[in-house]
Amino acid sequence: MVKALVLTGYGINCDEETAFAFKKAGAEASIVHVNDLIKKPGQLKDFQIFAFPGGFCYGDDTGSGNALANKMRNMLWQDLMEFIDQEKLVIGICNGFQVIANLGLLPAIDGKYGERTVALAPNNSARYECRWVSLKGFSKKCVFTKGIEDIRMPVAHGEGKFTTSKDVLEKLVENDQLVFKYAKGKGLAGGEFPFNPNGSVLDIAGICNETGRILGMMPHPERHIFFTQQDDWTKQKETLKRKGEKLPEEGAGMKIFRNAVSHFK
Amino acid sequence: MDFRVEVFSKVPDGRAITLLKKIHAMGFPNVKNLELTDVYTVSTGLKEADLQKCGELLSNPVTQGFSVGKPFVPESGFDFVVEIGFLPGVTDNVGHTARETISDFFGEKASGTDVFSTQAIFLSGEVSKEDTMAIGDGLANSLIQRIHIKSRQEFESDKGMDVVTPRVKLNEVPSAERVSLDLDDAALTEIGKKGIANKDGERSGPLALDLESMHVIKSHFESLNRPPTDIELESLAQTWSEHCKHTIFAAELDEIKNGLFKGRIKKATETIRANMGKDDICASVFVDNSGAIFFDESFLVSDKVETHNSPSALDPFGGAITGIVGVNRDAMGFGMAAKPVVNRYGFCFADPKDAKLLYRAKGKQNSILSPARVMLGVIEGVNVGGNCSGIPTPQGFMYFDERYKGKPLVFVGTMGLIPRIVNGKNGVEKKAMPGDAIIMAGNRVGLDGIHGATFSSEALSEGSPATAVQIGDPITQKKMSDAIIKEARDRNLYTSITDNGAGGISCSVAEMAKECNGCEVDLEKVPLKYPGMQPWQTWISESQERMTLAVPQEKVDKFIGLMESRGVEATVIGKFTDSGKCVVRFNGKTIMDIDLEFLHEGLPKKVLKTEKLEQKHAVPKFEQSQDFNAELEQMLSRLNICSKEFISVQYDHEVQGSSVLKPLQGKGRVNAETSVVRPVLDSEKGVSISQALYPKYGDISIYDMAACAIDSAVKNLVAVGTPLGKIAILDNFCWCSSDEPGRLWQLKQAAQACLDYAVKYETPFVSGKDSMFNDFKGFDENSKPLKVSVPPTLLISSFGVLGDASKAVSMDAKFAGDPVYVLGVTRNELGASEYFASKGFVGNSVPKVNADKALKLYKALVGAIDSQLLASVQPVGLGGLGVAIAKKCIAGSLGANIDLGKVTAEAIERNDFLLFSESQSRFVVTVAPENREEFEKALEGNEFALVGEITQGNLQITGLNGEKIVDAKVADLEEAYKKTLRDY
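Going down the list, the sequences are from chains A and B. When the count follows my numbering, it moves up by one through the first sequence with no breaks and lands on 304 for the last residue. When the count follows my numbering, it moves up by one through the second sequence with no breaks and lands on 1308 for the last residue.
Bound conformation, chain B alone (with noise of 0.2 Å):
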């Protein structure tokens, strides 16, 4: 029997009241009242006797009442209802947890029961069957939900809104074809683009193999007299696409034979560790999910950024949640498997203001999600992911450029802890052995991410195929996250740990295989959200929350029985083997026997050519403003400058009891550039966490924007005291467009900068990762075709370790009386920079680095702060010393005199210029009045200058003529700087 049970709020409902103002802001003003039900729809066998306890059981007696199998009215009335529900196969948490308590309570009697969980919203006031309708398609994402509306007249005659089971439901009987590629090269080009024609001759989704790689495979085929199955060529495609090989930083590229991984990055990794010797601190480099350097002498500090951009930009919660808690899955699957310690997290989008659509499709059809739903859903994803879990989320930054409308970018990293030695062995090293078998853990394999989706949209009916996108499901990977790495682990129970990401199981047991050389698998042992998928779907799948693991067989019982006695489910599907080949079977009948070579190796290489691509822009004419507190004003409120504190207090940055510097500064609540952590707590030492990108620099200069990357996260950790030689960094390449030869000049352009720069400062690259087509090509509103594509991105994220974290230093004036100065040189540097972009320009004279210069400078100020003489230390980042010495009054609540005339220039005549030039390697840092002497010896032979003190009152600034320039409140600057973003 199905029923509902409806739970309903009895006290003033804090969701429905903001649910009404967001519904309000949608361009709803009539709506008047809402009331929210959440909706349990039980398929049981229970009686109806039990039902009442079943409503108990899902509500709580205080705030909340519950109407069972008949439906709840609100009090106040309504006019239209709308319930939103998950389509048939989309993971419902909510459902999976109700249906346990459930089960607990009843045992046996309730085997078999189903709960789906919907949300119903009653609206009342003058709206429109139409406007319902609008509501509901900007609360439900119609990929993943489903939306149900009804009239008051409606929902009446019917009693009620419809019980509805959505169930997937699957009518093919599964086994694997063989694919003929006996074919010409146009049809050969076809299966490549668009996947494997079935008997309908509809075909299975895109395999992004190019025609040379289909040559390939066909000759490979024929050379074992055997056509491929589909499965082979599907489980062929994932191994050798871009996102799994980074062919583009692989291939040869101009005079650079072994790419730009080789050459570039990787070769700056080994160039330092060569360089430092005994001093390295990398502890493993590009070779497993993450990337590592030494904490102390008993743990490791392993990190890793990913993207998520294309899944977040069609689902901007479920891509987001998946990124982030995927990433967290690159710690479990890091050497023996890291224990998660920090988040962090980065985003790029256009202005959420910006309402005009574009559209996949021309006369307005298949619009794009706004900026604003993009943001708030990813944010918001994090916010889940990041909390659900306990892992802290300290860091992390937001970045805005209209480019980002077509595709934003999302940046996910998790840092992760692992002792150095794990069961007497070297906890980084891993390895399969033949004869091991091979566990799948955690959720179950569904039809989600398929092919990375192919996101149509689905009629809203029961029955209908599981769509593409999947939701995240934290509690199960919290669950299996903890009984791998607090016990399994340090019981020594598995020989090899690695995460199920990309391409599924087909991808991580083909990784793991290569530690043994070889591998069986039994696909129907797997399990499977539903009956009913075919082979490659259950290979290739990318259903969230599961690790891979190599158990000895003597292990095995015992690490089954754990997983299970932690709710985690675990299921041998396999061994690895020594044969040399990757071997599918299904059913007992092979479907896949392919060289483990072939499978790594046999992807032909590409060779590319670039072409350069100049970019000159107008020179910049525009008078200086007369108004320098209204200047500074509409600065500090730029997108790219303003607080952004409603992400920092929704993010969780004290779980674990590791924070030490947070992410808002002074009681003035400024973000910080740099986050510190301690996460070891019986540890005094810290780990710093920054990262940093310059997009816009890239429209004149790309060498010079991957050097102020580089320039920038490290100066950031040295601001609160990190020495260097004690840094990494990780490189992700958001690049656009990257079979044009312009696009990857400027891919070799920002490499050579990444090679330059990481070697001058010796900071390690330890692990990256590529996206190299962040382009949307639609339609505006007028069905004219566009194309968007992102301006090429590379963010640089970096980590390093502080000897005693109590030593770090925070970026807010502390006291009146303080002596500020300004370190390092303020050029003529505005090109691309965020003053003139706010008066329309781009110009021609981007910053550019002195690594030399800026070296001395950092190691000088390093010393300082462990000699305890700074008090405040503030790096310049955009807007220039005006926003940094602004911010710095702001987080202090103090005001400040400086004297423009006194900051060391160099060919600068205009106040405005010195004031919002973004020269690189500069900070703005108070000490204490009697360590004036001595930090100024420790700065001996750099470039600095002592340029005013704290103050109780304004933030006044004198010009280079000796005019005041600005006299302002810090209380006006405060509310410029956090009005912009304080209403999301």
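Isolated chain A (complex conformation) (with noise of 0.2 Å):
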């Protein structure tokens, strides 16, 4: 069986739901106090998935996802880089981006793990966004997003802004390390609020790294994987009825974690 790591700890906070996603995907998920993985670290060769969850670790202090990146590059960093040589996924939603943003798991270009070169910096709005967004898919090498073109999901955020240096940019956009942008109808937000919630540059929500196993992004995922949890189930619902169909059970979040869980079989 699949099995998926599910970070928890000092404040993180969408453990429980990231992990019941990947269940519901087939995995088995353990929910794991980031303190027990740097007390036995040798625990995450057990493991295919690494997941970083969203939350507010450290409250965002000192930066969000910063307090508990310097926490693991500290203590957990050559175990990191084995998970991530082994070919294994990694995959960070909203808080989890920002950590492993700063931790340089991503965008880690030409390998260089470790380098900052990405952040999600204050929302334009200053404030708090929880929203749903539209976005489109572009990578053709992320793992998690095979197959995805247009999708919907929540964000709820305070600073989601992906910011960069033009150059990183290029690169970005070279490599194929553009996974998600923020949409509006057929086309793309072109930094519309709130279409694009938060200010990003290129309207981008999610990033790879080369290798297209590390995956980053601010809209979660774990919050679309029923039915009844978009904005607008309920129209969708009256919809389908009229027409004498049955509801889905099922949200297109759940795509990504089964993506994530087939491909080690």
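FYI, nobody ran anything at the bench for these hints, they're computed from the structure. Among the hints, a few may not be true.
[Claimed, not checked] Rough simulated footprint, nothing fancy, chain B against chain A, three-plus residues with beta-carbon under 8 Å: (1) 195-208; (2) 259-269.
[To be verified] Computed list of lysine to any residue pairs in SDA-like fashion (alpha-carbon distance at most 25 Å, straight line): (3) B:LYS569 <-> B:LYS586; (4) A:LYS78 <-> B:HIS420; (5) A:LYS282 <-> B:SER1130; (6) A:LYS280 <-> B:ALA1140; (7) B:LYS991 <-> A:GLY283; (8) B:LYS453 <-> B:VAL487; (9) B:LYS1131 <-> A:ASP271; (10) B:LYS569 <-> B:SER634.
[Stated by the list, open to error] Where chain A lies over chain B, by a calculated footprint (3+ residues, C-beta under 8 Å): (11) 331-345; (12) 416-430; (13) 802-810; (14) 974-985; (15) 1129-1143.
Just so it is clear, CB atoms sit at the ideal spot from N, CA and C, and this is done for glycine as well.
Using the hints, build the complex out of the two chains.
Rendered as structure tokens:
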């Protein structure tokens, strides 16, 4: 069975629903406290997927994701590198994305893990934004997002504005590392609020590393694993009912978790 | 060595842009540019060479740069700097995290390091020093923060801002003192009012013990042949306070010998439980930190709504965050510990545009905070508290009335989820055993919140005493919450648990001691934020984020080890006994030795009398407008009706993956009265959540105000399909001047309505909380004394269990062609309505609730929803039918053709009255055309009418004489609905 480690501790708070999504996708998911991992880093060998869930680790103090990234860099760096070398999968969602960006697991251009070259800065609105967004999938190489073109899910963050240098941005495009962009209708958001909820450059909502096996994204796929989690499900339900069609149970976000699990099958 | 690490932004900083806008809005348009730096003042033994590393650890190289030991100067220049930091002793979360990061990296080398965080704001433009000071005052709260200002010139000659390490310095030697009560009544009254005097005659702060209580205490200690100690008096004051013992609800009131709580509220619940027999939904009522009902075979769902009014008036952010994080602990401290699964909120404010201040002292001294500042601070407090804790906040309200200007009302609630069986035992039962260790877990204890705070402005200098206000630290609590609920509870590591709220450990330990009949505490073992606190201060401090647990001796090491491994401090501070006494020692010396019986039951019972309060208002006389488009728009724009979207989107309502019906519904994003969550991810069951209050109705009839609140709180849950018999409610009475017989008469009326209507609807009260003195006494700008009292406010919060959450119905219109029905009867009941208020009248005909008719309708509607016959349901509330129909259209981005002549109405001849009457127990619903017949059959025997249909076009309404009175673009209505609060 595919095993997923879902990290918890210090204010991570989406661990349970992220573990639930992996289980629903057929994995065995274990929620592991960061201090237990530091104590027994060897247990990482048992897992194929490492998930950094959303949350508010250290309350975003000293910058979102920064304090936990510092801790993990100090205590777990070698183990993380081994995990990545073994061609396993890493996903960081929301605060988890902020952590792995600060750890330099992303975008790791030219394999330079540990170098911080992208940041998730405070939203242009300087306020926490919880709302559903439309995304367009771009990457051909990202393992998690195979077959995903258009997908909706919620964002909920105060610091999600994807920021980087021009050089890095060019590399990301060149290397097919841009995974998700915020969309509006059939096109891209073009920076327009609230479709692009935070002011991210090029509407970037998620990126992967060069191998496509490490994904970081601000929106929450684990919050769209049921039909009834959607913001417009009651309207969809009424539409389907009148056509005499059955209501689906599952939500589109499940695809990301299923892709991850089936990668090892 | 102390040095400053200054972190600045290298890219455009969204925070700075927003702050600049805020400063412009504060009335300083001359500020042209603004830059922000996050400053860490590090006090450490680290060598100079290590300092650069600190900068690296505390900044992001992509977006930020840093400067260590030399001042950062913005490239664009500046004219003034405002630096804002915390006063000594105030929790500095950012500083704590920075210290942990530095210690993690340097290890031993960095031991003893302290970090203090501040933020520096560089202003440029034509601003004076006075302007800058005013800006600083506007941004900081002088109760908890210090402000430091320098001009460019001062900055340059001083070589930057000063290096300040705000540490608390207390010089007294801690000890407990004996307090002689061998005094006359005047002196006893003085102690009860102002506290115990120290050697210099300075008093310790209000005990709120009346003379009668002081006499009881005096004679008790006389019988013991010794005077009490200060800690004993303080402890009695805490335990006997209105806050803890609800003395007014417990008092004999006129003919109600057993008081309003037992004789009305609790009686309602007892009557309902007896009537429902085996269908009783109550699992735990009124005995614990929350109340709970059955969710399914495996779980209970608990709920509790608290108020945090006074703290929020003084420090809106701090009051609100400690409120929400505090009520989270009412879930954690419920039964064997429930997981917080939903936060709810409710705010009562004055108009945020009201800029006229009130003052606590003559001569425009000591002003209260403006309504806008209170509003934004409170909203932000619940935002940070809820979001950081990972608890969804899907439901709440904001209500405005000018009488909330002196004191806002801040309601915060938390629902919890707990297994019915925990370690083989009933999950709601807990029992500390004699011999169990008393363990305090979570935050350390400081001087915060003693006596609910003394709130004087302190000089902004190093070494000034710790202030009485506290900042919440949600992450410390989240760590503790996870460690207890997700690990310790299911490993059976404790026998009992409760939270530390009012009265701190003095109340939590003494309360748990009732379970085994005694306790002994060694107070010097309590971990403190700083040395030098007096024993009584440690005992009653309300420092946040703490739980008290009873842990069997053989499990103490395991429990503490688990907490340590989760970054949570836990300390044995004593043990539970069966001695019948509450004994406290300090360094081996007994300083408190009180019979538990006296501590808990010694309080003299009050006898109160009421006096009828007559209220009569002028008969409203005005012609109805000819322009109903404009009339509908002005109604939609009213503060109590308009969109609160800016709050809904800043509160995470999706976390935990439980969201089903959200705070904003439909494409048009209209705030819904009811939310639904699915707290157990693999169960299809849902929990519906709503609330209602009608403070203005109390200007006419308090009884009907309470009846309408209960009816609406129930109606809102019915609207999404919650079956009657599966609904529980909570009461929050926020009264004013509760020592006046007239106000007490009103209280009695409201409590009577609670009993009458809860029993009718079979909705048991499971928990509640009151706040009896929401009055402000001060002065206007001309030094004229005034008193501002809140209108007597009863908030009824409701929650219920839905068998299948996917059957829940939202409020937005779904498709053109869908027939529109109005269910229920519209009467000439515009008294205290939003419509009358918009015309400057109160009136006298307040809505009355016919519970029998309502109940019949509600049951039929729930049945129809269960059969999936409804496309949308909107309960009718403030603003009546006109507003309900408009909201339905805005939400669905669809129009409608409505014929008012078809609405079931009694004695209404005016279109405006029909449109805006707030008669209770009504809904506006739509159904799919093919479900018409079946729907009408399901509703048979009830009063309802087909009034029109949904369209693609405008909202068109035909009046009573067949004339078209409304023909409005839905986009215009949406603009009217959204514009009022959009810019906050």
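We went through each hint and held it up to the structure:
Check on the region 195-208 of chain A: 6 of its residues sit with their Cβ under 8 Å from a Cβ of chain B, so the three-residue criterion for coverage holds. Chain B is given as covering the region 259-269 of chain A, and this holds because 8 residues of the stretch bring a CB closer than 8 Å to a CB of that chain, at least three being needed. The hinted pair formed by LYS569 of chain B and LYS586 of chain B meets the criterion: a straight-line CA distance of about 13 Å does not exceed 25 Å. For the given pair, LYS78 of chain A sits about 23 Å from HIS420 of chain B by alpha-carbon distance, which is consistent with the 25 Å threshold.
This hinted pair checks out: LYS282 of chain A and SER1130 of chain B have alpha carbons roughly 18 Å apart, not beyond 25 Å. Taking the CA atoms of LYS280 of chain A and ALA1140 of chain B, the gap is near 16 Å; set against the 25 Å cutoff, the hint holds. A threshold of 25 Å between alpha carbons decides the hint, and for LYS991 of chain B with GLY283 of chain A the separation of about 23 Å falls inside it, so the pair holds. Restraint check for LYS453 of chain B and VAL487 of chain B: satisfied, since their Cα atoms lie roughly 21 Å apart, inside the 25 Å limit.
Our distance criterion of 25 Å between C-alpha atoms is met by LYS1131 of chain B and ASP271 of chain A, whose separation comes to about 14 Å. Only pairs whose Cα atoms come within 25 Å are accepted, and LYS569 of chain B paired with SER634 of chain B is accepted, the gap being roughly 18 Å. Coverage of the region 331-345 of chain B by chain A holds in this model, with 7 residues showing a Cβ closer than 8 Å to a Cβ of that chain against a need of three. Under the rule that three or more residues need a Cβ within less than 8 Å of chain A, the assignment of the region 416-430 of chain B holds, with 9 such residues.
With a threshold of 8 Å between beta carbons, the proposed coverage of the region 802-810 of chain B by chain A holds, since 3 of its residues qualify and at least three are required. Counting residues of the region 974-985 of chain B whose CB lies closer than 8 Å to any CB of chain A gives 11, so the stated coverage by that chain holds, three being the minimum. With 8 residues having a Cβ less than 8 Å from any Cβ of chain A, the region 1129-1143 of chain B passes the three-residue criterion, so the hint holds.
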